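**Student:** Each chain is listed here by its residues.
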Amino acid sequence: LRFLPAGDLAVCVELGEAISVEVNTRVRALEFLIQQKGLTGVVETVPAYSSLLVYYDPRAVGYEPLCAAIGELVPQATTAVLPPPRIVELPCCYDDPELGFDLAAAAQRLGLSADELARLHAGAEYLVYFIGFTPGLPYMTGMPGRINIPRLDTPRTKTPPGSVGIGGIQCCVYSVESPGGFWILGRTPVPLYDPSAAEPTLLRPGDRVRFRRIDRGEFDTIGAAVAARSYRPVIS
Amino acid sequence: VIRILDAGPQTTVQDLGRTGQMRYGIPPSGPVDRFAFVLANRLVGNPDTAAALECTLMGPRFETTAAGAIAVTGADMPITVNGQEAAGWATIAVKPGDVVKLGPARTGVRAYIGFGGGLDVPLVLGSRSTYLRGRVGGLEGRALKKGDELGVLTSGPVRPRRVARSAIPDYTGEPTVRAILGPQDDRFTDEGLRALFGGRYEVLPQSDRMGSRLRGPRIEHARGHDIISDGIALGSIQVPGDGQPIVLLVDRQSTGGYTKVATICSSDIWRVGQARPGQSIRLRRIDVDEAHRLLRESDAALEAAVREEIA
Chain A
95 LRFLPAGDLA VCVELGEAIS VEVNTRVRAL EFLIQQKGLT GVVETVPAYS SLLVYYDPRA
155 VGYEPLCAAI GELVPQATTA VLPPPRIVEL PCCYDDPELG FDLAAAAQRL GLSADELARL
215 HAGAEYLVYF IGFTPGLPYM TGMPGRINIP RLDTPRTKTP PGSVGIGGIQ CCVYSVESPG
275 GFWILGRTPV PLYDPSAAEP TLLRPGDRVR FRRIDRGEFD TIGAAVAARS YRPVIS
Chain B
517 VIRILDAGPQ TTVQDLGRTG QMRYGIPPSG PVDRFAFVLA NRLVGNPDTA AALECTLMGP
577 RFETTAAGAI AVTGADMPIT VNGQEAAGWA TIAVKPGDVV KLGPARTGVR AYIGFGGGLD
637 VPLVLGSRST YLRGRVGGLE GRALKKGDEL GVLTSGPVRP RRVARSAIPD YTGEPTVRAI
697 LGPQDDRFTD EGLRALFGGR YEVLPQSDRM GSRLRGPRIE HARGHDIISD GIALGSIQVP
757 GDGQPIVLLV DRQSTGGYTK VATICSSDIW RVGQARPGQS IRLRRIDVDE AHRLLRESDA
817 ALEAAVREEI A
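The listed protein sequences correspond, in order, to chains A and B. Sequential numbering from 95 applies to the first sequence in the numbering used here. Sequential numbering from 517 applies to the second sequence in the numbering used here.
By construction, these hints were calculated from the structure, which means they are not laboratory data. Just so we're clear, the structure is a prediction, and the values are computed from it rather than from any experiment. Note that the Cβ used here is the ideal one computed from N, Cα and C, for glycine as well. Heads up, some of the hints might be wrong.
So the derived list for chain B, only partly shown, Cβ under 8 Å to chain A, looks like this [as the list claims (entries may be wrong)]:
#, residue
1, Gly698
2, Leu720
3, His808
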């Protein structure tokens, strides 16, 4: 456990130095406890893989007392304190080269057929470690080891929103058009970030994501429902 | 209502920013120069949280349709009302049909225009601030353009005030900004840290509300420039593989995977945002306690800055 100053308005609470479900669960549990206890002076919190950035108001709490108060919560920060996770279903169309434009190349690199790669990817359940980089973008793992693949040698400058990508052990869904180094296997018609919605971001840290394989026809149907504001994401 | 006749290169509605959305990847936004922003509001009798305009390098030209008070602070942009010069850092009374214009900045980058009552745009996630990349807040999530109309909330009569001359910041020269080591200072060599706190760093034109890109002596890594992604604080000095620093500002990404050598303290961060491309900054190392003392001083300076106008 390390407390690292991140300027005079934030402290980085480092609970580990690896990407692991165990460490990240403690990060999210610590965040939950800090929010629940309403620690004096805490303004907001940002979980990441293995650390929690705690923003505070130094007019309300000093650095040392804040670190001490957080430190007292760390031993209780276990999976037991977290509410049960939400399961969010994301329909994903793999079977159209216009949408999953790296599927064939990634499959070849992995020595699989495109269909097998899509099936393996869609068959797993993913943990949202945290949201970052762009609004609503989930950092996830959960893929079978068989489809771990190094990131693209040359990142592309533009990735369409909704693109579902893999790189290393990670999976992500691009929330807005942005640069990216992941292999794009498919696309979801469900927006992860909708600036015109009352709640613009769909996913939260700790969510579980399941991809449901859909064909191009259903992709277009859901896309039309999203545009008409009549689509409701499947969350349980 | 104010009617925008010319918008200027990047004029946005900002309030003090959004809170609690960084865990969803949405940055706080708000003014790059909080000190000048707060004074623009106080000069027109507003609470600090009211929405005002942030103008970049050059201001807008706009028409007012109602009597009221405005005030301009921050970058030194020549102000005229119906062609007549008006003073910055002071309350300006306007009447219906007045045309206000802010010219190109002579010093600094960002000017603020406060409006008595505050600008009336919808609250989005608890804030009126514009986040341009995310297309939320302010007026339709974008910078102003010619023909826009912005509502102004009503206010009571505003007593004319001005900012004491001694409290008006100087945006010229080579400011020294103070920074706290970390969170990843252990990923840099002693040589790299000496460069950071000894060298001059020039502000590059690619700077924006997300971050200021700087160029100067290489800040050398001891081992690798990538980390497991973590949260990024205001003023974080991120150093990618080329050893050149990027100072992250109000529209920053909430998390990132590059090492962050140090963090510029909150009472100095506006100096970075007001340094023009080509201007240089220097850094001085302080600890957290000293930064908190500086913040209290900055709060006290804000309290003392505004004086009643002497008739």
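**Student:** Regarding the hint that Leu720 (chain B) lies at the interface with chain A, is the smallest CB-CB distance below 8 Å?
**Tutor:** Violated, because the Cβ-Cβ distance from Leu720 (chain B) to chain A comes to roughly 19 Å (cut-off 8 Å).
**Student:** Just to be careful: measuring from the Cβ of Gly698 (chain B) to every Cβ in chain A, is the smallest value less than 8 Å?
**Tutor:** This hint holds: Gly698 (chain B) lies near chain A, its Cβ roughly 5 Å from the closest one there, short of 8 Å.
**Student:** Holds or violated: is the Cβ of His808 (chain B) closer than 8 Å to a Cβ in chain A?
**Tutor:** holds (5 Å)
Checked against the numbered hints listed earlier, the structure breaks hint 2 alone; every other hint is satisfied.
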